[in-house]
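Going down the list, the protein sequences come from chains A and B.
For the first sequence, numbering that gives the first Met the number 0 assigns the number 0 to the initial residue and increments by one for each residue that follows.
For the second sequence, numbering that gives the first Met the number 0 assigns the number 0 to the initial residue and increments by one for each residue that follows.
Treat the hints loosely; a few may be bogus.
[As the list claims (entries may be wrong)] Subject to a maximum C-alpha distance of 20 Å in a straight line, what follows is the list of computed SDA-like cross-link-like pairs (lysine to any residue):
#, chain 1, residue 1, chain 2, residue 2
1, B, Lys37, A, Gln146
2, B, Lys139, A, Leu18
3, B, Lys151, A, Leu44
4, B, Lys139, A, Glu28
5, B, Lys151, A, Gln45
6, B, Lys139, A, Pro24
7, B, Lys139, A, Leu44
8, B, Lys139, B, Glu129
9, B, Lys139, A, Gly20
10, B, Lys139, A, Asp31
11, B, Lys139, A, Ser51
12, B, Lys139, A, Ala25
13, B, Lys139, A, Gln27
14, B, Lys151, A, Arg50
15, B, Lys151, A, Leu58
16, B, Lys151, A, Arg52
17, B, Lys139, A, Gln146
18, B, Lys139, A, Arg43
19, B, Lys151, A, Glu28
20, B, Lys139, A, His8
21, B, Lys151, A, Arg49
22, B, Lys151, A, Ser51
23, B, Lys139, A, Glu7
24, B, Lys151, A, Ser10
25, B, Lys139, A, Arg29
26, B, Lys139, A, Ser10
27, B, Lys139, A, Glu26
28, B, Lys139, A, Glu21
29, B, Lys151, A, Gln42
30, B, Lys151, A, Ser55
31, B, Lys151, A, Arg43
32, B, Lys139, A, Asp23
33, B, Lys151, A, Leu56
Hints were generated in silico from the structure; no laboratory data involved.
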Amino acid sequence: MLTLLPNEHVSDGDLVRFLDGEGDPAEQERTDAHLRGCQPCTQRLQSLRRRSRGLSLLLAQTTPAAPEPDVLAATRTGKRGQASPPWLRAAAAVLVVLSAALLAEPVRAWVADLLGIGQTELAAPTQPELWTTPLTPSAPEAGTRVQFTPTGVEVELDIASYQAGGAIRFEAGEVPEVTVQVQGGTADLLVLPSGIRIGNTPESTADYQVTLPAGVRQVRVRVGGGAPRVIPAARVAAGERLDLARPMR
Amino acid sequence: MDVAALFAEHHTALFRYLARWTGDPDVAADAAQEAFVKLLERPPKPGETRAWLFRVGTNAARESERTRSRRSRLLEEAPDRAPMGDAPLAPDARLAAGERRRVVQQALAGLPERDRTMLLMREEGFSHREIAEAVGTTTKSVGTMIARALDKLAAELRLDEEDI
Ligand SMILES: [Zn+2]
Numbered sequence: 000m001l002t003l004l005p006n007e008h009v010s011d012g013d014l015v016r017f018l019d020g021e022g023d024p025a026e027q028e029r030t031d032a033h034l035r036g037c038q039p040c041t042q043r044l045q046s047l048r049r050r051s052r053g054l055s056l057l058l059a060q061t062t063p064a065a066p067e068p069d070v071l072a073a074t075r076t077g078k079r080g081q082a083s084p085p086w087l088r089a090a091a092a093v094l095v096v097l098s099a100a101l102l103a104e105p106v107r108a109w110v111a112d113l114l115g116i117g118q119t120e121l122a123a124p125t126q127p128e129l130w131t132t133p134l135t136p137s138a139p140e141a142g143t144r145v146q147f148t149p150t151g152v153e154v155e156l157d158i159a160s161y162q163a164g165g166a167i168r169f170e171a172g173e174v175p176e177v178t179v180q181v182q183g184g185t186a187d188l189l190v191l192p193s194g195i196r197i198g199n200t201p202e203s204t205a206d207y208q209v210t211l212p213a214g215v216r217q218v219r220v221r222v223g224g225g226a227p228r229v230i231p232a233a234r235v236a237a238g239e240r241l242d243l244a245r246p247m248r
Numbered sequence: 000m001d002v003a004a005l006f007a008e009h010h011t012a013l014f015r016y017l018a019r020w021t022g023d024p025d026v027a028a029d030a031a032q033e034a035f036v037k038l039l040e041r042p043p044k045p046g047e048t049r050a051w052l053f054r055v056g057t058n059a060a061r062e063s064e065r066t067r068s069r070r071s072r073l074l075e076e077a078p079d080r081a082p083m084g085d086a087p088l089a090p091d092a093r094l095a096a097g098e099r100r101r102v103v104q105q106a107l108a109g110l111p112e113r114d115r116t117m118l119l120m121r122e123e124g125f126s127h128r129e130i131a132e133a134v135g136t137t138t139k140s141v142g143t144m145i146a147r148a149l150d151k152l153a154a155e156l157r158l159d160e161e162d163i
């Protein structure tokens, strides 16, 4: 485009292309050459530039802030059915706690949709920083399963404390997920981009089964803020088990 | 597909674009959500994700009944083709933020959908080729149409004033 006769001006369309850096260097150079010698085209270019900037500025001043983008990994939760292993088939009471960014309405709606639960169940924040979702407590046959999407080759598993009883078991599988079985006390579960945080108490008794896909090379487990234990993929695949019962003094 | 990473990368811009496009943050949030859910269901080819999300989000917003009702309400509120520079409507610094937002939304709502889409996609840094594909025109004609749309908005939003 743009083969100008000596007395032909640059079209509006080509001025916008020039402004936006469209076209090859030759086109840009031809427009530039014309503009250097043409006052009307230069003025029109300035007008289009001023209007573009003015619109950008107005839009920036009047657009509502976007919700926090930085969550999330949770994709689906569900109850295990009859096929669950025996250790999953006792009373379950679990809180799933998702991060503060989920307070943002669209993110919450999205998560609610993906979790397959009503948005009202996710709605009311109970604390300024976190909000909790009590899932159906005490379904006798069920554990609570939360799927997540690891965002790296390492998954962090941060457990608040040792417990009265229970363990973590690892397994390899297609779908990354945690299945929680609480027999006593309470625990909550926070899904973060880097992994999972389990908010248990020393009085609780709960088992956690953690399923990790092949892409995850290792899990870094911390209990009670102690030194992390690194579990490589091979030991995950071999069904590594970590006892969460309080260590003997 | 790393959904969390894609969400982190694209959600802010998609929401911003849709909020401007619809004039309604709630509709924008719903449409953005729908786009991401569809992304999980039917992922586009790598490299096309961004344009794909904006296209699907725009379609979702268009289909929203709420968008339509809001748009018609905004148009009803519009002045009888305000004379140029009509002081109470100009989005200058004296106007409260809410009023300024309303004026900008009203001006955008008054544009044909295609013009609005083009201006707002340009605002997000899409190339003329991507814009052309989104609205169904040729790459070459995008510049002309953008110039015309800017001219339409100029008087209504006082875009020619130095100190907006
Ligand atoms: Zn000229």
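For the pair supplied as a hint, Lys151 (chain B) and Arg50 (chain A), confirm whether the alpha-carbon distance does not exceed 20 Å. holds (10 Å)
Regarding the pair Lys139 (chain B) and Leu18 (chain A), is the alpha-carbon distance no greater than 20 Å? holds (14 Å)
For the pair supplied as a hint, Lys139 (chain B) and Glu26 (chain A), is the alpha-carbon distance within the 20 Å limit? Holds. Lys139 (chain B) to Glu26 (chain A) sits at ~12 Å (cutoff 20 Å).
For the pair supplied as a hint, Lys151 (chain B) and Arg49 (chain A), confirm whether the alpha-carbon distance does not exceed 20 Å. Holds. Lys151 (chain B) to Arg49 (chain A) sits at ~14 Å (cutoff 20 Å).
Quick one, are Lys151 (chain B) and Glu28 (chain A) close enough, alpha carbons at most 20 Å? violated (29 Å)
Given the hinted pair Lys139 (chain B) and Gln146 (chain A), is their alpha-carbon gap at most 20 Å? violated (47 Å)
With the threshold set at 20 Å, check whether the alpha-carbon distance from Lys139 (chain B) to Gln27 (chain A) stays at or below it. Holds, because 14 Å separates the two Cα atoms, which is no more than 20 Å.
Is Lys151 (chain B) within 20 Å of Leu58 (chain A), Cα to Cα? Distance ~16 Å between Lys151 (chain B) and Leu58 (chain A) Cα, so the pair holds.
Satisfaction of hint between Gln45 (chain A) and Lys151 (chain B), Cα-Cα up to 20 Å: holds (16 Å)
Taking 20 Å as the top limit, are the C-alpha atoms of Lys151 (chain B) and Arg52 (chain A) close enough? Judged against 20 Å, a Cα distance of about 15 Å means the pair holds.
Sort out whether Ser55 (chain A) lies within 20 Å of Lys151 (chain B), counting only the CA atoms. holds (15 Å)
Straight-line Cα separation of Lys139 (chain B) and Arg29 (chain A) no greater than 20 Å? holds (16 Å)
Going down the numbered hints, you'll see the structure goes against 17, 19, while the others check out.
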